[in-house]
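Chain F is fixed; fit chain G onto it per the hints.
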Amino acid sequence: MNISDKFIIRKSILELAKTGVPRASSIDQQIKRSYNEREMEERENLWDCITVLGAQLSRPPYDPYRESISLETSLGRDCNKKVILSMPLLIYDNDTAIEKHSLQSLHTALNMLAVNNRTILGLVSESAAIKDRKYPFFQRIIDRPAEYNFEGVILEYKGTDSIQILQNIRKEFNGPILIEIIDDAFRENTGQLLDAGADGIVIDTVRITLKGKLYKDTHAIAVIHDARRVINQHYKGKDNDGATLIVAGDVNNAGKIIKAAALGADIIGYSTSLLIANAENDQSEIDSNIETTAERICQHILGTKGELRGIPAAMGYSNFHNISPADLRTSNINASLQADINLEGIDTTYKNIVEKVLNEYLLLNGLQIVDNEKQQLLRLIVGR
Amino acid sequence: MCGICGIMLESYIPDFSIGSILFQMMESQQIRAQDSTGVAIFNRQSNVDKLYTLSYFRETLEGYKIEEKTTLEKLDKLLVKLKQQEPRVTIISSSKEMKLVKDVGLARDLDSRYNIRSMKGSHGIAHLRIATSSRVTPYNSHPFSTTVIPDIAVVHNGEITNFSKLRNELELQGYPFYSNCDSEVIAVFIADQILKHGNIERAHHEFIKKADGPFTYLLATDQSLALVRDKFGARKGIFGYNPGGDKYPPFWAMATDLSALEIVGANMYVEESQPGKPIIFYKSDKQS
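The listed protein sequences correspond, in order, to chains F and G.
Residues in the first sequence are numbered from 1 upward in steps of one, following my numbering.
Residues in the second sequence are numbered from 385 upward in steps of one, following my numbering.
Just chain F, same shape as in the assembly (with noise of 0.2 Å):
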């Protein structure tokens, strides 16, 4: 057990002695958490090697101001019960059992913000959905729910027979079903799952990165590149009719929100600890209670709201989601293959680059292999 560990424990049982409640998450789940992010860590951070590319001279920025520069996210293809949502977030509970007393809070934040800032966000959770709530609640569950108090549901994939569900829960619900893949799975069936009736894919980067044999030694943007390009080549040769890509993990401020979203990220699942932790009083202060963190919630969420008009319009957007990867550079090898983000200065992927030398070496050689084989020779020069 090293130091932080020790750290982790002590930190639980001074405040258990403080409060006199038990945590909901176990000390070694706390403990196991930190590994993982530990390990996260100690891998190199490829957000911070991508750059956005500002509007250039004939390209002004809007201005957010005057144009409305549009959030507005629509779930659910041919649901009669379309979600729409404010901004492209859905406050999503990742692992962990939220508190009681910070459910509360984001409760009474969302709506507030629904109430008297008309702005409509999602909340995710497994525990039940509030009563009074102004704002789209999002059950996740592992089987068919007994009754559809709700008015979406993010259904967690366990193999073929999660299908066999989503097509029940199909025929008896009229709103958004989103299926959750957490390993590498979703290379395989989400086309499968888009055609038995899921109106989108939720794709926990985390523990993708973490768990997916595949994904062992990448980034979260490999894994958002490589889910966006299953969906496109899903419709290929047709219009997506409005399936959508959320991704949850860590992503986590308006910087990487804009990045996921250029690499094809529809909606971004919002970490709601950290969003608790942003907001929540510190152990310093007495006068904590369920409206002061409320109101600390919707002050970050209206403050995150005006990044994220802000960034696309400085990129000349009027809409978030018309954000691309053409719009993104990096300088970072890595980022270009994981990604196939364009090089600065030269605006071409690394593996374009590679390509073309490869050609040129076989032309000069007179050497002549099918696409197969170079597709192949290519992977194994550039390693992905």
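In case anyone wonders, no lab produced these hints; they're calculated from the structure.
Owing to the predicted nature of the structure, the values given are computational and were not obtained by experimental measurement.
Just to be clear, a hint being listed does not mean it is correct.
Unchecked claim - Straight-line alpha carbon distances no greater than 20 Å define the calculated PhoX-like cross-link-like pairs of lysine-lysine that follow: (1) F:238 - G:467; (2) F:236 - G:580; (3) G:453 - F:238; (4) F:256 - F:305.
To be verified - Using C-beta positions, here's what the derived DEER-type ranges look like: (5) F:188 - G:514: 48 to 54 Å; (6) G:589 - F:252: 36 to 42 Å; (7) F:63 - G:472: 44 to 50 Å; (8) G:514 - F:354: 33 to 39 Å.
Note that beta-carbon positions come from the ideal geometry of N, C-alpha and C, so glycine has one too.
Only chain G this time, still in chain F's reference frame:
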């Protein structure tokens, strides 16, 4: 800072050269842009129903040269054949009654090469380009067309900022692109919408809804000519009417600058097109 202009005769006059009007409008706006120019003019001929014409640039030692191939078969077959036999050509347009020419240089250079002043037809559009996002080459000049359906041409001033996203979506549907210019996406998008709904007005509305950035464009089909501005009206676009007289027959003219309307006497009912609301002029069946 590109310049665009277009005209639509109130009634078709077989022997009247609308190229001469377009040329004057182009010259009056030449100060806006000097990189390249181009025109597309629509002229219905008697044997046109069965013939498809495919225009393309061939790179020669003297530079780029426009060539044409005509077919009675399906256009796809001709495209495949052309790609196999001559892989180094760049497709410009597919047409039944449209004539599209473009090149680098000024309007007068284009006229001395293709004699645009003598071109006859019912309606047409023209463009003066100053390059912003892609290289100055004949194939990146406007107007842009598509091989998705024949007889579509577009000239555009501004930038479609989300063109990369729109182009990816259209490419996934299997539509071909022949340049790197953002303007080509307008022609392909409208062609796709016409194939899906058959309604040109709806097609323009869909484009306004989907496209982002500051733009004004003129899009001509065999039956119509539309002046379209983005929803914020970030780029100019005006139109006016010439009631006709000794010199000209009655016609509607559209342009970026007022000078282009004044020089050809289209100074009646001069108006700025409303942002996000396409103005569509339909070809008259009347013939004088």
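Hints and how they fare:
| no. | hint | in the structure |
| --- | --- | --- |
| 1 | F:238 - G:467 | violated, 25 Å |
| 2 | F:236 - G:580 | holds, 17 Å |
| 3 | G:453 - F:238 | violated, 31 Å |
| 4 | F:256 - F:305 | holds, 14 Å |
| 5 | F:188 - G:514: 48 to 54 Å | holds, 49 Å |
| 6 | G:589 - F:252: 36 to 42 Å | holds, 38 Å |
| 7 | F:63 - G:472: 44 to 50 Å | holds, 46 Å |
| 8 | G:514 - F:354: 33 to 39 Å | holds, 35 Å |
Violation of the numbered hints given earlier is confined to hints 1 and 3; the remaining hints are satisfied by the structure.
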